[in-house]
Amino acid sequence: MTTTVYQDHASASGAHVARKPWPWAKIGSIALLLVCSAIMIAPFLWIMQAAFSDAAAAYVLPPRLFPSAPTLDNFYAVFDLVPFGSFILNSLFVATTITIGQLITCSMGAYAFARLEFPGKRVLFVVLLATLMIPLQVTIVPQFILMRQTGLYNTHAAIILPALVSPFGIFLLRQYFMTIPTELEDAARIDGAGYFTIFWRIIMPLSAPALTTLGIVCFVYWWNEYFIPLIMINSPELQLLPVGLTLLRGRYSAGAVGNVAAGVTMAVIPVLIIFLFFQRHIIKSIATTGLKG
Amino acid sequence: MVSRLLPQSPLRRKEILAAYLFLLPTLIGFAVFIVGPMFAALGLSVVQWNLLSAPQFAGLANYQKLLSDTRIDDIYLTTFKIALATMALKLLLGLVLAVLLDQKLHRWLSGFFRLSFFFPYVVSVTAVALMWSFLMNKDLGLVNYLLGQIGIERIPWLNSSAWSPVAVVITDVWKELGFYVIVFLGGLQSIPSEFYDAAQVDGANRWQIFSRVTLPLLSPTILFLSVIGMIGSVQIFAQPQILTDGGPGDATRTIVMYIYEQGFRFFDMGYASTIALSLFVVIFILTLLQFRLSRRWVFYQ
Amino acid sequence: MKLGKHLLVLLIVLAMCALALGTVYAQEPVELTLLYWNWGPDAVQTSDDIASGFMALNPDVTVTPLGVEGTNWGTYLDGVSTLIAGGERPDVMLVASEGVQLLVASGLALPLDDFIAADAEAIQPFIDDVAPAMLDALKVDGKQYLLPFSWNNMVMYLNTARLAEAGLEMPPEDWTRDQFLDYARALTVDADGDGTPEQYGYAWDNSGMFISALPWVFANGVDILTDDYCAPQVTDPQVIEALQFMHDLIYVEKVAPAPTSFGDIYNLFQNGNIAMFGAGRWSLTALLPSGFRDFDIQYFPGNPTRTTIFGIGGYPILSTSEHPDMAWELVKYLSSVEVQEGLVGSEEMPFSNIPARRSVAEEITAFPPPHSNIFYDSLEGDTSLGGDFARIVTSPPRFNQMENIFLRYSSLIFADEMSVEDAMAAAQQELSSVVTCN
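Chains as they are written, first to last, in my numbering: chain A, 2 to 294; chain B, 10 to 310; chain C, 15 to 452.
It is possible that part of the hints are untrue.
Unchecked claim - If we take Cβ atoms under 8 Å as the criterion, some of the chain B residues that face chain C in the derived model are:
no. : residue
1   : 38
2   : 146
3   : 148
4   : 259
5   : 304
Quick caveat, the hints were computed from the structure, so don't treat them as lab data.
Glycine is no exception: its CB is placed at the ideal position from the N, C-alpha and C atoms.
Using the sequences and the accompanying hints, generate a full structural model.
Set out below in structure tokens:
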């Protein structure tokens, strides 16, 4: 099942709809789209004004879109209350390591499935795909017990190690590798290149688009993952950003609104900047793959 | 069995060795973190273990508990209610917005729409849920304030059994909608224009074109989205956990929250595994059902 | 046969080597792990200070503070259990009265009585300096598992500016629930008459029993479990009456909003939208640093005689410790005036809990609010008022599950979706499988 990547300019079908001018329909539809955009954007604006307001003004009626007396106090408070810098570094480290790891293991596995013949290949591939249906919650309890037995509980390894394999990643890359013509490989083989050389020198360089896609999807997924760090990590200094953010609510959820808002803002802004720069790639990657991780 | 498959030539043998070497990291990770735990979960489901004392064999006690658990029926029902509502809304709104977007618009305008719809999808779910917990506050929230402006009384979004599932659904749809819009848009733009031209020659009106041409050609996309959407929605966890912590009562407690509660708050490892296995069965059946039903309505070009 | 003998000898030799090595190893620098609830910067600061202070006195010992997340004592305890289940072997850990029974029932805590007896001279000044009610509350089956370190109770916070507007004085120390209701009515204001007050008399957070229903239940002279914690008794008429009273505050008297988070309560209280709420000293860490001063505290109202609910934190020695004697030294150090002074904090940054030592706790009366003395006085102050004034928070071994059930049903009561009788009947049934003594 594949879905086609969106095209930059309106496609033939789009042109068709617009061919006959129905100005009112068009104006109406644009108005509707604008309203929807506003609904998507307003919450972010509100949270940012709360982040820049002082404690008493963060949460007042009527709500405002701009703080009356902007202050950075909430942002300083966030770093006092929780190791926010560590959250970001931890998340960066974990998401990057998993992404690199998955790119390596998945491309190797995908190469074997796409290009090599070996006994048990089909069965293995089907079994691999079937595990996509196993919900994480089934394996998480035994994984937790495993981590505690091996002393890896409350370390980043407890998150990283199980995430290094991804049936989905193998499937995605295999589909791409299958579309690469074999002529180059045949030529290389005649020159005496081994399997690894072919994989590393020919397949990998030709697969940059698919690898980028997997990399983006994997990174976004692990940057945002909440359930697993919630279970595997217990010390604030080791915690990842998504769970760390919730710690700002503090004891009895008594954390000040402004502090939580500042934390949320700081979690959102970097993503927004990266997203603005690479939006085409990111939207395309996530849309083609359909799945998150 | 193995000997029969043994390769004849050294070249073949080399290829097979290479294949297994390439697959080695995957196979190890797979055995240790997916297949092993899968069987371990089955094993755990017949023991009673709180991790602090030694595990005790419990036979089918956990399964009996599952069947007689009065909470789990409500929790599954809540999970399905929330999953169905989010799915239906995401598919419907996603399609509508994609159709609206699929027209000639100024580059900047269409870029702006795509960006604003899609951005919440890449933001962490906790940031989104925290944000909405403020917005849906009964007395101070932006949502009730705006509703108040048009004369609607304050809604107890997070404090009532009737409204709190709605709050969870809204938060989830808001976050995920962009993904559906983009995938639908891709689907729409891949429909060859000949189909539309032919329909127009036949004198079909806009609605007829949409229902007779666009929808059938889009049905594989709809199936794809509803399968992955269903699997994701049934496992919804962070939104209700942060917004309402499952309350009031069990009104927004989803099945994954229940697994988390039993496993990682009460340390009933056996029962948590049993519930997780029941979820596996449910997802398996739902997926099969969707593919089975899809034969009736999905149209492949 | 012969081989077996040889093997046996070999094994014995090996075992002796291991033992010898072990002894040598034991003389290596001692390392202690100190587990604490990381609820915020003051907790981190305190634990770091404790570790460095103790290491300065005992240069050959390394103390490693290890913070654990948690939004309340219950979830902190979940985190600790996970950590211990995950293989961590702490020597000393912060635990609240809520967790003591679980720790003892799981065989994780060492009784301190022998240590206390052997070291009586050093520890007696401390014991003389803490309220007896606290020491008693930390005994299980007559054995002392914990020395109190810091604690909290529930008092009533009142916005004095709103009191003045309503023409009210601070309520008297022996105020009753009826008087409280009069205050709540007088402090609820619906100026524009739209049926939704802009100012509520009272508000509470329902995320914990300690902060929501228990003070009112205790004020009625009962607990939600039998005294031996062997059976639930949430269908007791006095429990029902207390919950009905709370329900009616929202839906009949309309003097309180539906339960909301403490974060909101602080915000609303400082903006004057809420005139009263119940909490312990921890609320000062939100109110004082923001410069808010228009408030005072009073005892929680009685019905008719006042009762104080309290909970204590302390540091038991864990049975997993490899150095219990050194751990005891650390526990002793925690009870010292020097460490206890660290729990006072300052007006700008007060500590969240009240120091266990009476002599040190007196120092917090130097900061606002004016009646800070009632924090410690509530535990033992003026006994002429009579009544059973201090009752430790309900703490059966399976505290987490009990609290979960109780809160699940009370949230339905406070959402006006289940009658108090029905909710408590259902809770009683569910609780009976969690609260037992067999």
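### Task
Have a go at the residue 259 (chain B) hint: is there a Cβ in chain C nearer than 8 Å to its own Cβ?
Since the shortest Cβ distance to chain C is 7 Å, the answer is holds.
### Task
Could you check if residue 146 (chain B) really has its C-beta closer than 8 Å to a C-beta on chain C?
Result: holds, 7 Å to nearest chain C Cβ.
### Query
Do the numbers back the hint for residue 304 (chain B), that is, is its least Cβ distance to chain C under 8 Å?
Status violated, d = 43 Å.
### Message
Does residue 148 (chain B) hold up as a contact with chain C if the rule is Cβ-Cβ below 8 Å?
### Response
holds, 6 Å
### Query
With a cut-off of 8 Å, does the beta carbon of residue 38 (chain B) approach a beta carbon of chain C closely enough for the hint to hold?
Violated, about 21 Å.
Hints 1, 5 from the list above are not met by this structure, while the remaining hints are.
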